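Residue numbers 1 to 473, in full-length UniProt numbering, belong to the letters of the sequence shown in order.
The hints are all genuine.
With a straight-line Cα cutoff of 25 Å, these simulated DSS-like cross-link-like pairs (lysine-lysine) come out:
1. LYS378 / LYS416
2. LYS122 / LYS141
3. LYS408 / LYS376
4. LYS112 / LYS122
5. LYS123 / LYS181
6. LYS68 / LYS365
7. LYS256 / LYS68
8. LYS429 / LYS383
9. LYS141 / LYS96
10. LYS454 / LYS416
11. LYS431 / LYS378
12. LYS256 / LYS295
Read the hints as simulated data drawn from the structure, not as lab findings.
In this text, all values refer to a predicted model and were calculated from it rather than measured experimentally.
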Amino acid sequence: MYRGRQGVAAIFVFLILAVIVAAVVLLPRACSANESPGSEEAETMPVSGASLSDQPDAYWYQRSIGLKDAWDLMRKHRHSPVKVALLDTAVDVSDKDLQKNVLPEYAVDATKNFRIYAYSGKKVVHGTNMAGAIGASYGNKGQIAGAAAGYRNDIVRIMPIKVAADGQINARSASNEVVAKAVRYAVDHGAKVINMSFGHGAPDGDVREDDRVLQKAVDYAASHDVTVVAAAGNFASTAPWYPSDLKHVISVIGTKHYRDAWSNPRALFSNYGEKFISAPGRRVTPIRPAYYGLKENGTSYAAATVTSVAAMLYSVDPSMTPDLVRYILQATATDLYERGWDDQTGYGNVHAGRAVRMALGLPVKTKFTFPRLSTKAKLSPRKRSVRITWSEPTSGRVNYYQIQKRRKNGNWKNLKCVPGYTWKYTDRKVKPGRTYLYRVRAVGTLHYSKSVGKYSRPSRVHYTRRAGNIRKG
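Work the whole structure out from these sequences, hints included.
In structure tokens:
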């Protein structure tokens, strides 16, 4: 019994030491490299379809891409509906949530010489949910609205082209020859954006002959100023994935619900590597939640989101080209993880609000900074120390506070980085007869973006052998 208690105590002590060591080791790295461990924020899950919301900022994935900002801009500026070709399983075009933004006359089956189809049931869930993610109607009595619906349902018109031989969208069901024909059909019938939320791998890394056939079709689309978007795949792999990795295709990585933009927000299932951009792909609410649950995951949803943003760009500027779409998406994306492009998130998360703003020729703000903090420095002559305190930002998530110090007429030097949950620090390296100045700034995440705050105005302390005087600069 005694030994058992000793063992439990030893484990307890070990865990405490592990936490302390982790804090000591990780924090300096965060301060120097502007990184910190990430986490996910809890979200209340709706309990029934009636509790879902069609508002463009109801869920994290809508807020994180500035969807409401994009819709607000679209409502104020002239735009026109854009045809988006959805190459997928069949779509249930009779679904009440798709009536306003789906073109039933283009519900054709590419596996059967582009005949009009009429499917429903579980075999059309993937295609129906992708159509919903792009264009589910706004104002549909509490259901989810598609990212490209808009307040008036006047942004997108979906062409639901069936390329899968059965109800599953995978390498065995969607042949490249059929997909290539569908791409050309979409281009010839006026599509400006093509979404392909499916794909297959290439174990040997080589492009197959039928992949070359599909590449020619994608080239045909690009030559007609049609943007092609594809999902990066859901195998947590860097291996080649087609059509995602074909030339002229915007490949989309899936991200999770993050609170820390400095950490790696890639969803664990998402493929990554030589991809272009990312978008929310985890815990997304579909229009048909009854089949798989109230939340779903997948790069399919990430691709549908980017497709929606691309459609908005064509809607406000009919002269848009694939190259210009890529430029705008890259320039306005929310930079995540490492600075600039990285193999985990591409150029970062797509941002609908900023992208539409740039397409309209309006000023775009891509950097957000924490407000200047208020700091105080108090001398303790007996303890030969100075205690620095500061105010906390009213919004955002602080990873850490960076404290700098300098002597009178000296240069600023980094003193310490302290965790974001604290608001004070004690400097014990002070000497009598000297004047010290301190300033603090916050580093963390604001509006789902990396944020480095401005340094506070310096707080000055003159250390005498008496009580000491405090003056704020």
